[in-house]
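Undergrad: Now for the letters of each chain:
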Amino acid sequence: MTIDEFTRGLDRYGGNLGHWPADIRAGAEALIAENRTAADLGRVAARLDRALAVAVEPLVLDAAFVGGIMANLAHRGGHEAVVKPTRRFVAWAGAAMMMFLVTGYAIGVALPTTTSAQGEDAVASLIFGDSGSSQSTGALGDLL
Amino acid sequence: MSKVLAPAAMFPMMARPATAGILRTATGEPLVAASSIADETDEALTLRVAGGDNRAFSEIVRRHGGRLRALAMRFSGGAAEADDIVQDTFVSFWKTARKWQPGGPPLSAYLTRIAMNRGIDGERRKKLRRFFGLEFAVDVADPARDAESTLAEKDDLGRVAVLLKDLPARQRAAILLAANGQQTNAEIGAVLGLSVGAVEQLLVRARRTLRTRLAEMELPAESEGR
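Sequence lines, in order, name chains Y and X.
Here the working numbering is used: the first residue of the first sequence is 33, the next is one more, and so on.
Here the working numbering is used: the first residue of the second sequence is 17, the next is one more, and so on.
In short, the hints are calculated from the structure, not lab data.
Careful, some of the hints might be misleading.
Stated by the list, open to error - Rough simulated footprint, nothing fancy, chain X against chain Y, three-plus residues with beta-carbon under 8 Å:
#1 58-68
#2 124-136
Claimed, not checked - With a straight-line Cα cutoff of 25 Å, these simulated SDA-like cross-link-like pairs (lysine to any residue) come out:
#3 Lys181(X) x Ala103(Y)
#4 Lys142(X) x Lys115(X)
#5 Lys111(X) x Leu105(Y)
#6 Lys142(X) x Leu210(X)
#7 Lys142(X) x Ala78(Y)
#8 Lys115(X) x Ala78(Y)
#9 Lys181(X) x Arg40(Y)
#10 Lys181(X) x Lys111(X)
#11 Lys181(X) x Pro90(Y)
#12 Lys181(X) x Arg119(Y)
#13 Lys111(X) x Ala103(Y)
#14 Lys181(X) x Leu105(Y)
Here a beta-carbon is modelled for each residue, glycine too, at the ideal position from N, C-alpha and C.
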């Protein structure tokens with residue numbers, strides 16, 4: 033086993049060689065025995081594992097903490113109602129969505145297409161009334 | 017003898033006061049024959065909680081609170097934040113106990129999942145606040161955190177606690193869940209909502225980062241000692 037393979041093993045299985053697959057454990061142990069760098073890497077990884085295990089050891093709960101949770105419970109309310117959509121609701125929602133999609137598509141297909149000039153005229157007539165786009169500049173001038 | 021638990025839809029019928037007697041299975045036989053609430057299984061207690069039993073809830077808090085508190089403490093890096101996470105977890109459990117399905121994942125995994133999600137959400141909110149420059153308005157100084165930082169170099173636990181804070185949230189969650197060596201990657205994946213492959217990647221990255229930084233922290237200490 034090379035140092036790189038050993039390092040990858042440490043990252044994958046941790047510093048406790050007992051957790052390594054049996055087929056590569058012997059190679060790792062041999063490397064540690066003959067290579068000081070590997071031994072140092074293994075030692076740090078083992079210390080890391082031990083520290084992590086201690087870090088997640090259950091903490092002692094005092095009565096005040098439990099009491100605080102109970103008080104919080106009283107303050108923040110009761111059980112949440114379990115609301116699940118019924119099949120009928122899902123069917124109606126699906127049908128409504130399909131109807132909207134089909135209607136939108138039909139409107140999109142049915143509406144006549146316009147050229148850009150026609151579009152500008154339509155906008156101008158909306159702003160300046162039915163007098164036509166030809167008079168729009170004059171009307172704008174009056175306004176200004 | 018295998019016992020068949022009543023389906024979730026039966027929970028309201030099973031909601032009786034704790035003193036009223038014994039919870040029953042779908043076939044009518046007693047669910048537990050426990051002499052005290054402390055002897056009851058998590059499943060039986062959860063059924064009681066779903067029926068509004070405060071004593072059962074309190075027992076679940078005592079049973080799982082210490083583990084969740086330690087996990088939340090190492091995840092958030094502060095005692096106050098950890099207590100908030102644990103409180104939120106149990107309040108959420110109280111509200112959603114009826115959704116928990118007997119026969120599914122164990123209650124410990126269910127509670128851990130709630131706690132980790134709370135922790136990750138809190139981290140996200142904190143980042144957002146920091147992004148908008150609001151962190152100063154909401155981040156109250158935490159004496160426990162300050163003390164831990166000051167004593168960080170005291171021992172490996174202190175060093176690792178400090179290093180954990182710099183890990184991305186999901187890596188931190190994965191390495192903490194794997195720390196006691198009792199959970200498989202599949203179980204960790206179930207808690208975090210990730211695939212086994214994703215959990216393995218998170219663990220590899222987290223171990224590499226922590227191992228490298230722990231070694232780096234050790235070097236100056238060693239050279240000072242010489």
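Undergrad: Against each hint, give a clear statement of whether it holds in the structure.
TA: Cross-check of the supplied hints:
Counting residues of the stretch 58-68 of chain Y whose beta carbon lies closer than 8 Å to any beta carbon of chain X gives 0, which falls below the threshold of three, so the coverage claim is violated. Given as covered by chain X, the stretch 124-136 of chain Y fails the check, having 0 residues with a CB less than 8 Å from a CB of that chain where 3 are the minimum. Of the pairs offered as hints, the one joining Lys181(X) and Ala103(Y) is violated, with about 30 Å between alpha carbons and a cut-off of 25 Å exceeded. This hinted pair does not check out: Lys142(X) and Lys115(X) have alpha carbons roughly 29 Å apart, beyond 25 Å.
Note on Lys111(X) and Leu105(Y): the hinted pairing holds, with a Cα-Cα distance of about 9 Å set against a maximum of 25 Å. Restraint check for Lys142(X) and Leu210(X): the C-alpha separation of about 23 Å stays at or below 25 Å, so the hint holds. Between Lys142(X) and Ala78(Y) the alpha-carbon distance is near 33 Å, which puts this suggested pair outside the 25 Å criterion. The straight-line distance between the Cα atoms of Lys115(X) and Ala78(Y) is roughly 40 Å, outside the 25 Å bound, and the hint therefore fails.
Of the pairs offered as hints, the one joining Lys181(X) and Arg40(Y) holds, with about 23 Å between alpha carbons and a cut-off of 25 Å not exceeded. Note on Lys181(X) and Lys111(X): the hinted pairing is violated, with a Cα-Cα distance of about 31 Å set against a maximum of 25 Å. Annotation: proposed proximity of Lys181(X) to Pro90(Y) holds, straight-line Cα distance about 19 Å (limit 25 Å). Between Lys181(X) and Arg119(Y) the alpha-carbon distance is near 46 Å, which puts this suggested pair outside the 25 Å criterion.
About 14 Å separates the Cα atoms of Lys111(X) and Ala103(Y), which keeps this hinted pair within 25 Å; it holds. A threshold of 25 Å between alpha carbons decides the hint, and for Lys181(X) with Leu105(Y) the separation of about 30 Å lies outside it, so the pair is violated.
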